[in-house]
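**Q** In case you want the letters, here they are:
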Amino acid sequence: MSPDLDRINSILDKLTLDSLTLMEKHIQSKLELEKCMSEGESNLAKARYIKGQNAVSQLQLPTEDSKEFNALATVHRDKNSKLQEEVFDLEIRKATNEENPLKWFGILIPQSMHKAQDDYKRSLHRVKESANIQVQLHQTLSTMKQMKLLKKQIMCKE
Amino acid sequence: MALHSSVKGKLISVIGDEDTCVGFLLGGVGEINKNRHSNFMVVDKNTAISEIEECFKRFLKRDDIDIILINQNVAELIRHVIDGHTQPVPAVLEIPSKDHPYDASKDSILRRARGMFNPEDMAR
Chain P
10 MSPDLDRINS ILDKLTLDSL TLMEKHIQSK LELEKCMSEG ESNLAKARYI
60 KGQNAVSQLQ LPTEDSKEFN ALATVHRDKN SKLQEEVFDL EIRKATNEEN
110 PLKWFGILIP QSMHKAQDDY KRSLHRVKES ANIQVQLHQT LSTMKQMKLL
160 KKQIMCKE
Chain H
155 MALHSSVKGK LISVIGDEDT CVGFLLGGVG EINKNRHSNF MVVDKNTAIS
205 EIEECFKRFL KRDDIDIILI NQNVAELIRH VIDGHTQPVP AVLEIPSKDH
255 PYDASKDSIL RRARGMFNPE DMAR
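Which chain is which? The protein sequence lines are P and H, in order. Numbered according to the numbering used here, the first sequence spans residues 10 to 167. Numbered according to the numbering used here, the second sequence spans residues 155 to 278.
Derived by calculation from the structure, the hints in this document are not laboratory data. Careful: at least some of the hints might be erroneous.
[Said to hold, decoys possible] As a list, the in silico DSS-like pairs of lysine-lysine whose alpha-carbon atoms are at most 27 Å apart:
1) H:252 with H:211
2) H:211 with P:76
3) P:154 with P:166
4) P:76 with P:34
5) P:60 with P:44
6) P:124 with H:164
7) H:199 with P:44
8) P:60 with H:162
9) P:44 with H:188
10) P:44 with P:55
11) P:76 with H:162
12) H:162 with H:199
13) H:211 with P:103
14) H:199 with P:157
15) H:162 with P:112
16) P:60 with H:260
17) H:252 with P:55
18) H:162 with P:88
19) H:164 with P:112
20) P:44 with P:154
21) H:252 with H:199
22) P:154 with H:199
23) P:34 with H:252
24) P:103 with H:188
25) P:44 with H:252
26) P:124 with P:55
27) H:199 with P:88
28) P:112 with H:215
[Unchecked claim] Sample of chain H residues at the chain P side, in silico, Cβ under 8 Å:
29) 166
30) 172
31) 175
32) 187
33) 188
34) 202
35) 203
36) 223
37) 247
38) 249
39) 252
40) 263
These figures come from a predicted structure and were not determined experimentally. All residues carry an ideal CB built from backbone N, CA and C; glycine is no exception.
Using the sequences and the hints given, assemble the complete structure.
**A** Here is the structure:
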């Protein structure tokens with residue numbers, strides 16, 4: 010076996026292990042996200058029980074005819090010094106009373122709506138983690154694909 | 155967390171059922187921009203697949219969106235479009251919903267990853 014092929018094989022071994030670890034992390038992060046979301050969903054259900062079925066629904070969400078407003082939660086792409094690749098960073102701006110999405114649902118907001126808001130803010134952190142793992146996995150798979158092509162080319166030559 | 159207040163961040167968009175949209179919008183991801191375009195879409199049983207597909211493609215084209223959240227059951231309806239998106243950004247995240255728990259075997263990125271492990275390729 011040529012030294013080149015040997016080197017490619019060991020890189021492929023490492024990438025395979027990395028991708029398996031990332032796949033496991035990816036599933037884990039999705040399950041954590043599911044847990045946060047289901048807590049939020051049960052708090053939304055409690056709020057519906059108190060305020061009425063249609064008082065917490067898509068009818069309260071802004072439409073394209075509503076006034077323009079900016080997102081409170083956004084992501085930034087930063088260079089991670091350790092991984093040497095871009096990672097998502099979440100920024101949740103502190104909302105003024107006017108900006109708080111809770112105000113779409115009226116003045117008297119049940120405690121469960123506040124709790125649901127906190128649950129979904131926590132979910133956003135899980136979303137950020139999950140997106141970072143997904144991007145890493147994507148890059149690992151692309152490198153693996155390139156390495157496999159290279160390996161094929163070398164094997165054909167030999 | 156780094157300080158970002160001077161730079162406007164990129165958006166997280168949502169395509170999903172009522173609870174998913176209400177929840178994440180409560181969390182603060184919603185935005186209506188100056189062109190009156192929103193970054194979310196509520197999908198119900200009356201929503202046509204073509205509408206979902208069109209909305210997803212529109213979000214992919216927008217350069218102010220970095221993450222697209224889509225309920226996995228909705229993603230199943232437009233799987234061919236999702237599989238066609240091979241760029242890492244915007245990251246398309248398939249998320250569970252109230253009635254459909256997360257199923258790793260349906261996730262696009264995991265299916266792509268599993269495709270890399272076929273025995274022929276692994277043999278030296």
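**Q** For which of the previously enumerated hints does the structure constitute a violation, in increasing order of number?
**A** The structure conflicts with hints 4, 8, 9, 12, 13, 14, 16, 20, 22, 27, 28, 34, 35, although it agrees with all the remaining ones.
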